[in-house]
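K.L.:
Work the whole structure out from these sequences, hints included.
Chains L, D, G and A are the protein sequences, given in the same order.
Counting from 1, one number per residue, gives the positions in the first sequence under this note's numbering.
Counting from 1001, one number per residue, gives the positions in the second sequence under this note's numbering.
Counting from 2001, one number per residue, gives the positions in the third sequence under this note's numbering.
Counting from 3001, one number per residue, gives the positions in the fourth sequence under this note's numbering.
Incorrect hints may have been included.
Selected chain D positions facing chain G (Cβ under 7 Å, derived; list incomplete) [unchecked claim]:
1) 1006
2) 1061
3) 1084
4) 1112
5) 1113
6) 1171
7) 1172
8) 1218
9) 1224
10) 1228
11) 1233
12) 1267
13) 1269
14) 1272
A few chain L positions that, by computed beta-carbon distances, are all more than 10 Å from chain D [stated by the list, open to error]:
15) 50
16) 71
17) 91
18) 121
19) 161
20) 175
21) 190
22) 273
23) 283
24) 284
These aren't lab readings, by the way, just hints derived from the structure by calculation.
Bear in mind the structure is a predicted one, so any value in this text is a computation, not a measurement.
The beta carbon of each residue, even a glycine, is placed where N, CA and C say it ideally should be.
4 protein chains.
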Amino acid sequence: MSEPAIVLGANQYGKAEVRLVRIDRATPRHEITDLNITSQLRGDFQAAHTEGDNANIVATDTQKNTVYALARDGVGAPEEFLLRLGRHFTGAFDAVTGGRWEAEQYTWSRILVDGEEHDHAFVRGGTETRSSVVTFDGAQATVISGLHDLAVLKSTGSEFHGFVRDRYTTLADTNDRILATSVTARWRYNRLDLDFDRTFADARRLMLEAFAQTHSLALQQSLFEMGRRVLEAHPEIDEIRFSMPNLHHFAVDLGPFGLDNPHEVFYAADRPYGLIEATVQREGAIGNHPAWDGIAGFC
Amino acid sequence: MSEPAIVLGANQYGKAEVRLVRIDRATPRHEITDLNITSQLRGDFQAAHTEGDNANIVATDTQKNTVYALARDGVGAPEEFLLRLGRHFTGAFDAVTGGRWEAEQYTWSRILVDGEEHDHAFVRGGTETRSSVVTFDGAQATVISGLHDLAVLKSTGSEFHGFVRDRYTTLADTNDRILATSVTARWRYNRLDLDFDRTFADARRLMLEAFAQTHSLALQQSLFEMGRRVLEAHPEIDEIRFSMPNLHHFAVDLGPFGLDNPHEVFYAADRPYGLIEATVQREGAIGNHPAWDGIAGFC
Amino acid sequence: MSEPAIVLGANQYGKAEVRLVRIDRATPRHEITDLNITSQLRGDFQAAHTEGDNANIVATDTQKNTVYALARDGVGAPEEFLLRLGRHFTGAFDAVTGGRWEAEQYTWSRILVDGEEHDHAFVRGGTETRSSVVTFDGAQATVISGLHDLAVLKSTGSEFHGFVRDRYTTLADTNDRILATSVTARWRYNRLDLDFDRTFADARRLMLEAFAQTHSLALQQSLFEMGRRVLEAHPEIDEIRFSMPNLHHFAVDLGPFGLDNPHEVFYAADRPYGLIEATVQREGAIGNHPAWDGIAGFC
Amino acid sequence: MSEPAIVLGANQYGKAEVRLVRIDRATPRHEITDLNITSQLRGDFQAAHTEGDNANIVATDTQKNTVYALARDGVGAPEEFLLRLGRHFTGAFDAVTGGRWEAEQYTWSRILVDGEEHDHAFVRGGTETRSSVVTFDGAQATVISGLHDLAVLKSTGSEFHGFVRDRYTTLADTNDRILATSVTARWRYNRLDLDFDRTFADARRLMLEAFAQTHSLALQQSLFEMGRRVLEAHPEIDEIRFSMPNLHHFAVDLGPFGLDNPHEVFYAADRPYGLIEATVQREGAIGNHPAWDGIAGFC
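P.N.:
Dropping the structure here:
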C-alpha cells in the first residue's frame, strides 16, 4: 500500500507543577526555597501510545514522589536540583534516555521587625520569577536559566523615529516617550560547574543597569545592549534570548479640555502591544541548540 | 391590581479600570504614580433604565476623560485624588447625588545603577497592591484604604490544636506548622485631613510585624493581633477588615521512601484553602457602615 | 479610661473552593455534577481570635470532609446541597449560629459520537458559571442564585445619544453600535421549596431573549428589561441584581487608508470599560437583605 | 583578539494581540468573526538592534493598522486572513524576508428567541479557542492549525496499571478512574488550497469521538488514537502535536466516615498534574519543521 504508516513522533511525559517548599532549619535563622517543578521523561514509550502497555512507564505520580524525596537532602540552586533529578531518572531506568526538568522559583524576603530581619517570617518579593530548564540527552546535560515578569519602565530617555512610512503608517515620530516592558530572558550555559545563584543575580543586575542606562532609539537597541553586557561579563553563557513586549503608554491628548500635556499624563494600554524578540549570542554559537525545544518562541 | 410593580432599586454606573500613569517631571529625578481607577456615579438615573432617556447620564467616556484631565494638576495620594473626583462629579451635576471612586496602586522602585538610584528608570515592586475606596453620599465622604495580595509566610511559630472533633474530623493536632497567607485588609478612616501615604506605610509595617511576632495558635489570632496594633496606633481608623486565606503547606510523608521529614519538605496546595475573615474595630463603631457596600465579603 | 476598647466585629471562617465532582452511576448513562464549594461558619468564635482557644472551632479541614461525606448521598441542585450543608453545621454545633455556603457550577455536555450522545464522555460547555449562595441566620435560610461570565453581543440594534455634555465630553452620539457585555446576575428567592434547576434555566433563557430583543438606547435599558422579564415570570424571586460591563467595540477609522468602514471592522478594547450595575425588584422588597453581605457590589 | 564577537542571532518583532471583530452585514443575518491576531516580521533588522537605526523597521503600529485595513475586504477563515497578511508584508518591503502570523478565534453562537436563531444577537460558545499559525520563509508559506482549552472528561472507561515500580512508587493500580484533560492540539498542513473551516470542524469532531470511544489504558493511548484518526481522514495533514494534561480526579476516601465510595465522589486537583505530549505523524514526515519554531513544547 502506498500510504505511509501513521507513527509516533517525538514525545515526552511527566508531572507538571510540583509545588515544593523547602525550609532549611539547620539554624534558628530559617532559609526558604519555593519552587514549582516540572519533570518530563523522554525515551522508549512507544508501547504506551500504541498498545496501552505501561511496562516502560515511570508513573507521573512516582516522578512527583521523587521530587519530594530528593528534596530531603536539600535543594540548593534550582539548576543543581534539576541536574540531580535528571541524573536520577536517566540513570535509574533503561527506557529513559533523556528528559527535561524545569523549575520556577519565587522570591521571599525577610520581614523587618524593628528594622531587624526576622528569623522565620517572610514576605514575597517582586513580581518576577526565576526560571531554569535542564535537558538531558543521554548523559549530556544542558542548562538554560532565566527570568520572566521583570517589569521595568523608563519615564524618559526613549525615542522612536526614522521608521518606514507606507500607506498604512499613521504613527508620528517621537523624541521622548515612556519605554516599558516586562522582560523574559533565558540564557544557555556552556558549562555545568557554576555558582548558578551568583550568576543569576549578576545577569539580572546587568540587564537592569543596561535597560536604565541605554538611551533608547528602539526597544531592539535596549534589548541588544542588555544581552551584550551579560555575554561580555559571563563567558560561561553562549547565548541569551529575550522576549520583550513594548507596553505602550500613550500621552493623553488633553487639548479638547484646554490643557497641555508635557509628557506627564499617560494611558497605559493593555492590547495590542509591540513584541520584540531576539537572540544575542557569541559569533559561531550553535544557532538552534536542542535544549531550546519546548521553550515557546524566543523564550 | 394586587401584584407589586417591578421597579428600579439601587444602582450605579461609570467607567472601570482607567489606567492612569502620571510622571512628575518637576526635577530630573522623576516620580511615577501608577493607578487603576474606577469611577461610579449614583443619583437619578431612573429614566435611562426604564425609557432609555440619557438626559441625566454623564457618559462613562466623559468620566474617563475627567480622570485624565484632573490628573494634569498632579495626583498625590490616591485617596486625595479620589476625593477630588468625588467633589467634582457631585458638585458639577444635579442628578449626581453621590458615587464611589476606587483606585488600585502599583509600586515601582528605582533601578540601582552602580548602587545609586536612577533618576528615571524603575522596576516593579512587590506583588501587593494598595487600594482606596472613596464614597460620597451627598457631600459626605468616607475613605477606606487597604491592600491586597500581600503574601507572607512563617516557617515555624504556628500551632493548631484543641478544635472540635466530630464524625467528620480527621485532622491531627499540630504544634509546628507553616503559616502562610495572602493578606487582604481594608480600614475605614474617621477623618479626611490625613497624610494617607504615611498612614498606609505605617499600617502595612504594623501588620507585617504583628504577623511575624505573634506565636500563632490559630490564624484568627494572628489576624486579630494585626488589626489590634493598627487600631491602637491609629485613632483615625475606626475599623479594619481582613480576608486571609490559610494557604496550606503540608509536610510530605516521606515514610514510604524510608525517610523522615523534620518539617523541612512541604507541598504547597492550591485548593481548597482555609478562609478566615473578620473585622477588628473600636467598641461602639458603626457595624455596617454604608461605605462598605460594594466591597465583597470582608474585603 | 476614655479610649474605647478594640474588639472583634463580624467574622466568619471556613474552607474555600472545595472542588467536588460527583458521578451518578445509577445507570450506564452517567450524570456529572461539577462544583466548587465554599463553606463558612458564623457564631461564637471570639476566643479563637483573642486567645487562640479553638474549643469552638470546627476545623476547616472538617468542613471539607463534610462536603465530600454528604455528597455520598447525591448532590442534586447546588442550592439543595448548600441547604443540606447549612442545616448540618447549624444543627450539629452549638457555637455555630449561622453561616454562608457558596457553590459555582461548571457545565458539561455529552460528546456526540456518530450524532448520538455518549453515555460517559463529556465536553465542557460554555464559558459561563452558575452560582448559588445560601445563608443561614439561625435556622432561617435564604437562597441567592445566579450566573457570571455569560458573554453576549449584539452587532446592531444599539444606540447611545442624548447624554450630558460638559467640558470633558468628547464622545459623539451614535445610532448604531456593537453592544457587548459579560452578564453577572444574582437573584434572591423568597421561598425554598423550588425546582432550582428549572428556575435557573428559565431565568437564563429570559435574560438572553431580553438582551436580544431589546432595541437598546442605553445598556441600562437592556439590563432593566432583562430583570423585568425574570421577575414577571417568577414570583418566587423578589429581586435581581446585575453587574454588566460595557465591553467597548470601537469602529476603526480606516479613513487614513482611503477606506470607509460601514460598521464592519471593530477594535475590541480591554480597559477601561463601562460598568453598569443595578437592582430590579418588586416594589416594597427589602432593599438591603443581609443575604447580600459578602457579595461584592451589585453582584 | 581571541574572544568571539557578540552578535545578533535570530529575531522577529511585531504587534501582538490585535483584537479584531468583524461583522459581515451583507444581509440582515449578520456574521461575526472574533480574532486575536499577532503579526511578527523577520528579515534584516540588524541596524535597529545595534545602532537604533529604524530605516528597515515597519512600525508595529503600522502592522496593527494593516490588520484592520485588510479586514475591510472581509476575513474568511483565519488561516486565509493570515496568508493575506503574510503575502502583503513579505511582498511590500524588501527588508522583510519572512514572518509569523498567528490568530486565536473565539466562537459565538446565535441567541435563540422563541426557539429561533436571532439575526444579530450572539452568545459566546465553549471555553475552547481555535488557533492558526502561518509562517513565511520568503514566499514559502506553511500553515499550522489547532485548538486549545478543549476540556473533556470520561467518567469511566479508563484504567492505569502495569507501570514501573521502584523505591518511590506509591500509586496503586486502577481499573476504573476518571480521565480528564484539556486538549491542546496543532496540526501542520502540507497544502494551502484548503477549506480550513471545514477541516478544522472535522478534526475537532474526530478528536472528540476518539477520546470518547477509546477504552483507555493510558492517556498516551487516547492521545495517539485521536491523532491517528485525524491523519487517516485528512491526507492534507502531515503531523499533529498534542499537549494533554492529566487532570487528576481522586476518589475521596470516605472510609473514616464509615462510608464507601463506589467511584462517585471525587476531588478535582489543580496541581500537580500529569502532562502528556506527543507528535503523531506520517512515517517519513519532517520531524522538526521550522514552522514549529515559536510554538512552546509540543504545542
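K.L.:
Against this structure, judge whether each hint is valid.
P.N.:
Cross-check of the supplied hints:
1. Because the beta carbon of residue 1006 of chain D sits about 5 Å from the nearest beta carbon in chain G, less than 7 Å, this interface hint is met.
2. Taking 7 Å as the C-beta contact cut-off toward chain G, the hint placing residue 1061 of chain D at the interface holds, the least distance being around 4 Å.
3. Because the closest C-beta pair between residue 1084 of chain D and chain G is about 14 Å apart, greater than 7 Å, the hint is violated.
4. Annotation: residue 1112 of chain D was flagged as interfacial toward chain G, and the flag is violated, the nearest CB pair being 31 Å apart, outside 7 Å.
5. Because the beta carbon of residue 1113 of chain D sits about 33 Å from the nearest beta carbon in chain G, more than 7 Å, this interface hint is broken.
6. For residue 1171 of chain D, the interface hint holds, the least distance from its beta-carbon to any beta-carbon of chain G being 4 Å, beneath 7 Å.
7. Taken as an interface hint, residue 1172 of chain D does not check out: its beta carbon lies about 10 Å from the nearest beta carbon of chain G, beyond 7 Å.
8. Residue-level restraint check for residue 1218 of chain D holds (minimum Cβ-Cβ distance to chain G is 5 Å; threshold 7 Å).
9. At about 4 Å, the closest approach between the beta carbon of residue 1224 of chain D and any beta carbon in chain G falls short of 7 Å, and the interface hint on this residue holds.
10. Restraint check, residue 1228 of chain D versus chain G: the minimum CB separation of about 5 Å is within 7 Å; hint holds.
11. Taking 7 Å as the C-beta contact cut-off toward chain G, the hint placing residue 1233 of chain D at the interface is violated, the least distance being around 11 Å.
12. The restraint placing residue 1267 of chain D at the interface with chain G is violated, with a minimum CB-CB distance near 15 Å, outside the 7 Å limit.
13. With a least beta-carbon distance of about 11 Å to chain G, the hint placing residue 1269 of chain D at the interface is violated under the 7 Å criterion.
14. A cut of 7 Å between beta carbons decides the hint on residue 1272 of chain D: the least distance to chain G is about 4 Å, and the hint holds.
15. Every beta carbon of chain D lies more than 10 Å from that of residue 50 of chain L, the smallest distance being close to 32 Å; the non-interface claim holds.
16. Look at residue 71 of chain L: its CB is around 5 Å from the nearest CB on chain D, not clear of 10 Å, so calling it non-interface is violated.
17. The beta carbon of residue 91 of chain L sits about 17 Å from the closest Cβ of chain D, which is more than 10 Å, so the claim that it is off the interface holds.
18. Consistency note on residue 121 of chain L: stated as away from chain D, yet its beta-carbon is not over 10 Å from all of that chain's, at 3 Å minimum.
19. Against the 10 Å criterion, residue 161 of chain L stays outside the reach of chain D, whose nearest CB is about 20 Å from its own CB.
20. In this structure residue 175 of chain L is separated from chain D by more than 10 Å, as the shortest Cβ-Cβ distance comes to about 15 Å.
21. The claim that residue 190 of chain L lies off the interface holds: its Cβ sits roughly 28 Å from the closest Cβ of chain D, which is beyond the 10 Å cut-off.
22. Annotated as non-interface, residue 273 of chain L keeps its C-beta farther than 10 Å from every C-beta of chain D; the closest such distance is 13 Å.
23. The claim that residue 283 of chain L is not at the interface with chain D holds, since no C-beta of that chain comes within 10 Å of its own (minimum 28 Å).
24. Residue 284 of chain L, annotated as away from the interface, keeps every beta carbon of chain D farther than 10 Å; the closest lies near 32 Å.
Violated hints, listed in ascending order, are 3, 4, 5, 7, 11, 12, 13, 16, 18; each of the other numbered hints is respected by the structure.
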